[in-house]
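Colleague: Now for the letters of each chain:
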Amino acid sequence: MAAYLARRAIMLAATLVVSSFVVFAGLSVAPGNPLATLAGGRSLPPDSVRVLVERYHLDEPFLVQYAMWLGNAVRGDLGVSIVLRQDVSDLIASRAGTTIALVLYAALIVLVAGVAFGLLAALRPGIVDSLVVISTAVVVAIPPFVAAIVLIGVFAVGLRWLPALGNGSGLWDGIRHLTLPAFALAASATASVARVTRTSVREQLDREHVQTAISRGIPYAAVVRRHALRNSAVPISTLAGMTVASMIALAAVVERAFGLNGLGAYLVSAVLSKDFAVVQGISLVLVASFVLVNTLVDVGAAALDPRIKLGRRS
Amino acid sequence: MTTTLATYRTPRLGPLGTAAATVIVAAVVLAAIGPALTSADPNASDFAHAYGAPEPGHALGYDGQGRDLLARLLTGARTSLLGPLWVVALSMAVGTVVAIAAAWLGGWLDSVVSAVLEVMFAFPGVLLAMLVAAVFGPGLTSAVLALAVAYVPYIARLVRSAALAERRKPYVQALEVQGAGAVAICVRHLVPNLMPLITAQATLFFGYAMVDLAIVSFFGLGVQPPDADWGVMVASGQSGVLQGYPAESLLAGGSIVLLVVAFNVLGERLSDGRRAPRPGWFPRRGGVS
Numbered sequence: 001m002a003a004y005l006a007r008r009a010i011m012l013a014a015t016l017v018v019s020s021f022v023v024f025a026g027l028s029v030a031p032g033n034p035l036a037t038l039a040g041g042r043s044l045p046p047d048s049v050r051v052l053v054e055r056y057h058l059d060e061p062f063l064v065q066y067a068m069w070l071g072n073a074v075r076g077d078l079g080v081s082i083v084l085r086q087d088v089s090d091l092i093a094s095r096a097g098t099t100i101a102l103v104l105y106a107a108l109i110v111l112v113a114g115v116a117f118g119l120l121a122a123l124r125p126g127i128v129d130s131l132v133v134i135s136t137a138v139v140v141a142i143p144p145f146v147a148a149i150v151l152i153g154v155f156a157v158g159l160r161w162l163p164a165l166g167n168g169s170g171l172w173d174g175i176r177h178l179t180l181p182a183f184a185l186a187a188s189a190t191a192s193v194a195r196v197t198r199t200s201v202r203e204q205l206d207r208e209h210v211q212t213a214i215s216r217g218i219p220y221a222a223v224v225r226r227h228a229l230r231n232s233a234v235p236i237s238t239l240a241g242m243t244v245a246s247m248i249a250l251a252a253v254v255e256r257a258f259g260l261n262g263l264g265a266y267l268v269s270a271v272l273s274k275d276f277a278v279v280q281g282i283s284l285v286l287v288a289s290f291v292l293v294n295t296l297v298d299v300g301a302a303a304l305d306p307r308i309k310l311g312r313r314s
Numbered sequence: 315m316t317t318t319l320a321t322y323r324t325p326r327l328g329p330l331g332t333a334a335a336t337v338i339v340a341a342v343v344l345a346a347i348g349p350a351l352t353s354a355d356p357n358a359s360d361f362a363h364a365y366g367a368p369e370p371g372h373a374l375g376y377d378g379q380g381r382d383l384l385a386r387l388l389t390g391a392r393t394s395l396l397g398p399l400w401v402v403a404l405s406m407a408v409g410t411v412v413a414i415a416a417a418w419l420g421g422w423l424d425s426v427v428s429a430v431l432e433v434m435f436a437f438p439g440v441l442l443a444m445l446v447a448a449v450f451g452p453g454l455t456s457a458v459l460a461l462a463v464a465y466v467p468y469i470a471r472l473v474r475s476a477a478l479a480e481r482r483k484p485y486v487q488a489l490e491v492q493g494a495g496a497v498a499i500c501v502r503h504l505v506p507n508l509m510p511l512i513t514a515q516a517t518l519f520f521g522y523a524m525v526d527l528a529i530v531s532f533f534g535l536g537v538q539p540p541d542a543d544w545g546v547m548v549a550s551g552q553s554g555v556l557q558g559y560p561a562e563s564l565l566a567g568g569s570i571v572l573l574v575v576a577f578n579v580l581g582e583r584l585s586d587g588r589r590a591p592r593p594g595w596f597p598r599r600g601g602v603s
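Protein chains in written order, with this note's numbering: chain D, 1 to 314; chain L, 315 to 603.
Hints are all accurate, no fakes.
Using 20 Å as the maximum straight-line C-alpha spacing, the simulated SDA-like pairs for lysine to any residue come out as follows: (1) 274/D - 454/L; (2) 274/D - 539/L; (3) 274/D - 455/L; (4) 274/D - 82/D; (5) 274/D - 33/D; (6) 274/D - 45/D; (7) 274/D - 538/L; (8) 274/D - 453/L.
Source of the hints: derived by calculation from the structure; they are not laboratory data.
Start from the sequences and build out the full structure, keeping to the hints where you can.
Modeller: Printed below as a string of structure tokens:
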């Protein structure tokens with residue numbers, strides 16, 4: 001396990017360094033000089049230019065700029081927003097909560113509803129199973145922005161159960177405002193987790209050790225819980241974990257659709273308003289979280305199933 | 315040619331696969347002849363008709379700016395199909411060439427390629443598209459290039475492992491013994507034999523690209539208004555949804571879902587189980603090992 005962890009840690013570090021380099025290199029790849037890119041085409045007063053040059057070490061060679069930028073980023077300094085004249089880190093910190101809450105809420109839905117529907121289909125062959133299989137086949141193909149539109153149309157405009165736009169204030173109101181976005185984000189992933197759960201539990205129920213347990217008279221519920229579900233834990237949790245990782249990028253879609261004040265929506269508006277420091281800062285945070293969650297999922301799968309770390313990789 | 319026939323049978327589409335293929339062909343035909351079906355101008359707005367109901371000559375009614383919905387849907391079909399086509403063509407071409415070169419030459423080149431691919435998995439396609447839009451400005455070209463780059467590792471890893479397996483087969487070794495050149499073997503035998511795999515992945519990835527491009531356009535970073543595109547239409551129809559006129563968003567979103575399902579079903583029929591994971595959604599796992 002130690003060797004496996006070390007290998008994964010090295011890969012993680014290498015990936016983080018390279019992806020941060022890609023995010024930073026955008027600055028010098030962009031047409032025009034870096035200063036103009038950071039200013040987003042605005043004309044700046046001389047003292048603002050001086051602040052930017054100092055902060056981004058624009059008078060140094062490219063690789064030194066990158067090293068300085070990365071060093072600052074690691075210490076939590078992601079530069080300054082040219083539009084809002086505020087530290088990017090503060091702007092990110094004030095919006096990260098919404099995105100984290102949204103992703104966790106959606107992950108909860110994916111796990112609970114996905115596993116529940118999958119189990120239901122696996123244990124009740126016939127009409128229930130067919131219903132779950134058909135409906136998940138449709139839902140799995142619905143991208144989050146279409147899900148968002150449909151949910152807004154039905155539950156906010158039609159039935160008026162839940163608000164369509166904004167963050168809300170206070171805990172309860174906040175949860176109410178996050179409910180439709182979380183379901184929009186979770187819909188497709190829930191369907192795919194349900195399908196994987198169904199297939200995997202079915203497969204386990206046909207295995208000899210499960211059949212033996214049943215024939216020994218162990219209560220069916222205990223067999224399902226202790227053998228079928230536990231052995232299905234690896235594929236289910238791996239898929240669920242990777243789904244959470246994918247939501248880090250996809251959260252932008254529902255944040256935008258529901259007017260939520262989260263990181264993804266802010267990234268989109270920063271791209272539109274040419275606020276390059278913010279784009280870099282958020283991209284870095286999102287890519288880092290994406291890579292980190294994926295690594296955790298892989299390590300978690302290896303911890304659950306020791307065969308994985310013995311090198312099933314291609 | 316004989317080797318191709320020996321290893322590849324035309325897959326049976328079945329009723330579902332045939333239905334999916336029909337949907338795709340119908341969409342392509344409608345996109346091609348679409349503007350001839352309606353006399354309305356997709357960009358002519360007439361605010362007197364904002365959110366207007368269907369009437370003769372305007373079969374689907376109007377959007378919030380009083381533009382003909384049918385005309386916009388049909389014009390949008392073109393960008394919504396051509397964009398993914400470019401993404402798929404580019405990523406398949408680059409991915410296949412890189413993968414076959416790595417698998418054939420092996421050694422340090424293979425190690426470098428594998429390491430680079432591993433790192434490329436770190437960028438979800440949509441996120442890369444946003445970064446590229448920030449650097450080079452929004453637009454369909456930026457989005458297509460970014461997604462093509464983001465898809466390459468998924469294609470390349472699958473094709474590489476398939477090519478490695480193929481390379482060990484006797485017919486390839488026989489050709490080498492006969493003195494056939496590496497390029498000739500790859501172009502004339504290896505690629506044709508990998509073609510079923512590549513076509514199946516291209517079909518699946520067409521659906522993924524369609525969703526991802528629509529997301530980027532939904533953000534306002536892909537196809538630029540007033541040009542019609544299904545992703546743009548979902549976004550611009552959102553204010554209509556809030557006012558109780560969901561037609562524009564639902565028609566565009568429904569078209570996307572219908573085609574994505576069709577590409578998914580067809581791709582699955584063609585792929586007989588070997589498929590690369592969904593880019594940006596399920597990184598690093600899956601494929602043939």
